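Student: Generate coordinates for the entire structure from the input sequences, incorporating the hints supplied.
Chain by chain, the residues run as shown.
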Amino acid sequence: MAPKKKTKEGNLQQENILEAVVIADSFNVRFYPVTAKRPRCLFPLANKPLLSYTLEFLARCGVKHIFVYCCHCAEQIKDYLAQSKWSKPSSPCQVTTIVSCDFTSVGDVLRDIDQKSLFESDFLLVPGDVVSNAQLKDALNEHKVRREKDRNIPLMTLVLHSSSPTHQSRTVESDIVIASNAVTNRVLHYHKIADNERKVQFPLGIFQSKEGRIEIRYDLSDTGIWVCSPQVPQLFTDNFDYQTQLDFIKGILINEEFLGNQIHMHVVQEHYCSRVYNFHTYDVVSHDVIFRWTYPFVPEIHFDDDYSMHHGANGSLSTIGYTSSYSLLRHNVYLHNTCLLGQNSIVQDNVVIGNGSKIGNRCYISNSVIGDGCCIEDDCIIENSYLWSNVTVKSKSKIHSSFVCDDVSIHEGVVLSAGCILCDKVLVGPSIELESKIIHKNGDDKTMGIVADKQSFDTSLVGENGEGYIWHKDVDVEADNDRALSKALWGLSLHDHNKQKLTADSSEESNSENDISSAGEESDFQEESEEDAFDDLSNFEKEVKESLQRGYEEKVQCDNLVLEVNSSKYAYNMSMRDVIQTIAKSLLEIAAAQSMDATSYFATLKEVLLHFLPLLCNYNKTASSQLDYLYALEEYAVSHVNFANSLIKVFMLLYEKDVLSEEVILHWNSKPGNYKDVITSQEIRRKVEKFIQWLVEAEEEDSDE
Amino acid sequence: MDQFILDLKQEKFNGSYDLAYKVINHLRKLISQTRWAHAKELMGVIRKEGKQLVAAQPSEYVIGNMVRRVLKIVREEYVRLLGKSEEFANTESLHKMLTSAETEDEKYMKSLKELKTTVMEAVSEYIDEMDASIHNIAAQAIEHIHSNEVILTIGKSRTVEAFLKQAAKKRKFHVIVVEGAPLYHGHELAASLAAHNIETTIITDSAVFAMMSRVNKVIIGTHSVLANGGLKAVSGAHIVAQAAYQHAVPLIVLGAMFKLCLLHYSDIGGSEATFNRLASPHRVLDYYKAGSQDLCNVQVYCPTFDYVPPELVTLFISNIGGNAPSYMYRLLSEMYHPNDHEL
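Respectively, the protein sequence lines represent chains A and B. Under this note's numbering, the residue at position 530 of the first sequence is numbered 530, and the numbers go up by one with no gaps. So the mapping is simple: this note's numbering equals the position in the second sequence, first residue as 1, plus 705.
Keep in mind the hints are simulated off the structure, nothing from the lab. What you are looking at is a predicted structure, and each value in this text was computed from that prediction instead of being measured. Among the hints, a few may not be true.
Below, computed lysine-lysine pairings styled on BS3-like, alpha-carbon distance capped at 30 Å [unchecked claim]:
(1) A:Lys569 - A:Lys545
(2) B:Lys753 - A:Lys137
(3) A:Lys621 - A:Lys657
(4) A:Lys199 - B:Lys734
(5) A:Lys78 - B:Lys714
(6) A:Lys88 - B:Lys994
(7) A:Lys64 - A:Lys78
(8) B:Lys734 - B:Lys756
(9) A:Lys425 - A:Lys396
(10) B:Lys812 - A:Lys88
(11) A:Lys88 - B:Lys818
(12) B:Lys714 - A:Lys144
(13) A:Lys606 - A:Lys671
(14) A:Lys606 - A:Lys555
(15) B:Lys877 - B:Lys727
(16) B:Lys727 - A:Lys64
(17) B:Lys727 - A:Lys137
(18) A:Lys671 - A:Lys657
(19) B:Lys756 - A:Lys88
(20) A:Lys425 - B:Lys714
(21) B:Lys875 - A:Lys88
(22) B:Lys745 - A:Lys137
(23) A:Lys199 - A:Lys569
(24) A:Lys542 - A:Lys555
(25) A:Lys64 - B:Lys994
(26) B:Lys714 - B:Lys734
(27) A:Lys671 - A:Lys555
(28) A:Lys192 - B:Lys994
(29) A:Lys64 - B:Lys753
(30) A:Lys425 - A:Lys78
Listing some non-contacts, in silico: residues in chain B with all C-beta distances to chain A over 12 Å [stated by the list, open to error]:
(31) Ala761
(32) Thr909
(33) Glu1016
Here are the simulated distance ranges between beta carbons [unchecked claim]:
(34) B:Arg785 - A:Asn344: 34 to 44 Å
(35) B:Ser911 - A:Gln348: 29 to 39 Å
(36) A:Asn344 - B:Gln1004: 50 to 60 Å
(37) A:Glu148 - B:His840: 18 to 28 Å
(38) B:Ser829 - A:Tyr364: 56 to 66 Å
Cβ atoms here follow ideal geometry from the backbone N, Cα and C, with glycine treated the same way.
Tutor: Okay, here's the thing in structure tokens:
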């Protein structure tokens, strides 16, 4: 409650005080497992916490009061802010932290803002991972002018950054197309391009307005910075379902006509503005900092004065705090005053070496950032990598394109390459090669057991003295739902990704069927449905089985059951093939559950099948669906010997009742599937041999006549 | 107070004159607002603040100059109030050290009531002197620019602009302005001079050597003057100076006395960070293009300053008159006290 009062007083005193909300949580797990114990906004970027770049940027824009919303690892963020210059009386702006673990999305944060009614005038909404040297003065003024002209209609201004379509900083996650009015900068359509999308459709209406030229731009990337009017949090409260910024923008644009709200945009052209939202952008933004695009936020300019994790003596801070401790050498090499370089070590271009780090003899370092207190022994090679604080690298190791977090030890002769990620406190080596592996050591991980004793580490993977587990992306169920994205975890820009996609597509035609047939919002549903396809199938199976079970027990008419199955089919958007397979499986499972022993199995099964005969006939009208049904039976049979033994009788029954035709059975027989469990498909064929023979003979007889 | 440091960091100042003015006003406020018993304590306060100011913008030497200048004023006023000659405060002979009654600790320890007012007066006087510096420099224009001469300059310096405009009141001459890529401040100067009815030509940086043969004098401004007489000037100044030297064209440098600093080039040679200011490369190459696939491995630099060695400079014109670069050491010893060289 305290912050609320303060702001209100502030507003009374000074009408034009500029305030900002920093969302110091990403509400996603792009950096997992690195983010397990450390929030993204405290990642060191060129040895300074990411959040300090964001706050400094806001202070430079003249923001006087910043609210930092923290959620994940809130304590760490609070501690950082408490000891940083931002909480000192000399701080250029007031920083208030708001902590709650209940927030699960940006929407929750904004609803909280509304509840607390923090703002009565325009404010900035900024993600906690923005690195920028832009001046938002223009954006704020434009917004203000628009608001004065038309009270309440212009809702907010999106701050976008222009970058060429092949730009390194663009990734699949931020691939957007925007249609806007070229004169008023009003956003008419905002579309986030899904991974495999080839076509983008725009609503016709936007071209029919008489307001002047329409621009469709693919050279913009979203910085996540919003200039919001006070109505924005209210709209989030009114619409409980808005979770992300994207939901909100779409919602506003769709409902524009009857809500009358408009979104505008401001394009930052001259200045730098980027976000760190995955490993690739971390790489790109780190380089941009080293290449000085973010000037004056570069390592040797001491903007983040008093914060340093490993400074012990606090008495000396007042003098040390203001002296710039990095010196810039040629070719963008930044060396801390206290770092030590061994003899014949070569520090090539674009390197940052942090406080108190020691580099041994004959090392070669290029395009890398080495954190505070690292110890690198003789003859190491480090290229395109990021080493955080207190990393120990023993002699003759090679680290290429990797990401090494705090307190990691790398033993002799270890080779890391192509996007390895070593999380906090991992040990690897000696003499092991790792490629594209993510190794973590989260002791409290439930699947791994509570005590991390040495026996449980797989020494073939992490080396004899290694301590750590390989992390598999699939383990994480709620994680990156987009498969392609997790592939692009490291070192793939949009351009690379597109290249890869093109080669993949040419070999795999089936993808092209996914044409998006309608306007923007539907395509996104499709995207979601693909992501959840697996879940849907299991849910569907469950539902169908339940309705069939109930149908059998209560002797419901098959016509009604068909209706029920069909409605489930449409609810989960299942193909016919899935339906047939599910029904086949469900019936067999029901029968198996009913029967007590092997001898009475067929009797029960027969009863079940006869009851559902109309249903089976209904679904197995065509040859292809009958074939699907047969394969489903086969799949079930390979894992259930009981059923396999009575399969011949089942075939006979189904043939007699005209569920299966003889051509289909013969066709099935000629093409065995690749199922293999308790018994193989071949054995199944042998079990029904007699029946097949009988069928063939019967056919011959027919033809004889 | 800290707002000022923040402003410095954010480069909220308009040229070195403005910066010097802001710093000295800041220090004047400090002298009047802080509590101090005697000169030594005051000097301690100024030093401490000075260190922070210098660290906020290490590449702006003017800040350090102003701090040292104020320290020198405090020393002078203290000695004057004690009734000794100014000479006494400055020179530090072995004989005096041995015969002096007061030890180093006791020095400047006497509390003098009038010190505050006299120091404030002296600082205000110095500010007035600074105010007049551009005017004083411009007043010398007639002596240096003659009729129908061709003058070459680079970038935009307020002092040069005032100098040329002053000369144009009496004489007719032609100015060639080098545009000074990538910042192109030369364009602004050219527009301003042309509006003042001075015949002006603008050329690209690469055309300097070709044009030099018809130039009579090169007049440039500078960011600061180093102790050896070398210059820290806008990038491109070194080419201009070299070309002028090759064609035996005199190079005249304009700069107020407060730009004169104690640093030698060798002091800062190793660390580019404090000497040069490598700005964001976006003026050289747009980030829009620079990050694209083809260009992402290209390194782009945008240095702001050039070092011009003293042997290329013919004359240094300050508000107190013209001097050769070799005379700088003498001016320095008059301006700053040797004990303040190290802040």
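Student: Verify the proposed pairing of Lys606 of chain A with Lys671 of chain A, using a straight-line Cα cut of 30 Å.
Tutor: holds (26 Å)
Student: Between Lys199 of chain A and Lys734 of chain B, is the straight-line Cα distance small enough, at 30 Å or below?
Tutor: Violated: Lys199 of chain A and Lys734 of chain B sit about 65 Å apart, past 30 Å.
Student: Does Lys64 of chain A sit within 30 Å of Lys727 of chain B, going by the straight-line distance between their CA atoms?
Tutor: holds (23 Å)
Student: Minimum Cβ separation between Glu1016 of chain B and chain A greater than 12 Å?
Tutor: holds (24 Å)
Student: Given the hint that Lys425 of chain A pairs with Lys714 of chain B, test it: the Cα-Cα distance must not exceed 30 Å.
Tutor: violated (37 Å)
Student: Given the hinted pair Lys875 of chain B and Lys88 of chain A, is their Cα-Cα distance within 30 Å?
Tutor: Violated, because 57 Å separates the two Cα atoms, which is more than 30 Å.
Student: Does 56 to 66 Å hold as the CB distance between Ser829 of chain B and Tyr364 of chain A, or does it fail?
Tutor: Check passed, 59 Å falls within 56 to 66 Å.
Student: Is Lys88 of chain A within 30 Å of Lys994 of chain B, Cα to Cα?
Tutor: violated (40 Å)
Student: Under the criterion that the straight-line Cα-Cα distance not exceed 30 Å, is the pair Lys812 of chain B, Lys88 of chain A satisfied?
Tutor: violated (36 Å)
Student: Does the structure keep Lys621 of chain A and Lys657 of chain A at a Cα separation of 30 Å or less?
Tutor: holds (13 Å)
Student: Please test the hint of 18 to 28 Å on the beta carbon pair from Glu148 of chain A and His840 of chain B.
Tutor: Because 44 Å falls outside the window, the suggested range is violated.
Student: Given the hint that Lys199 of chain A pairs with Lys569 of chain A, does the C-alpha gap stay at or below 30 Å?
Tutor: Within the cut-off at roughly 28 Å; holds.
Against the hints set out earlier in the document, violations occur for numbers 2, 4, 6, 10, 11, 15, 20, 21, 22, 25, 27, 31, 34, 36 and 37.
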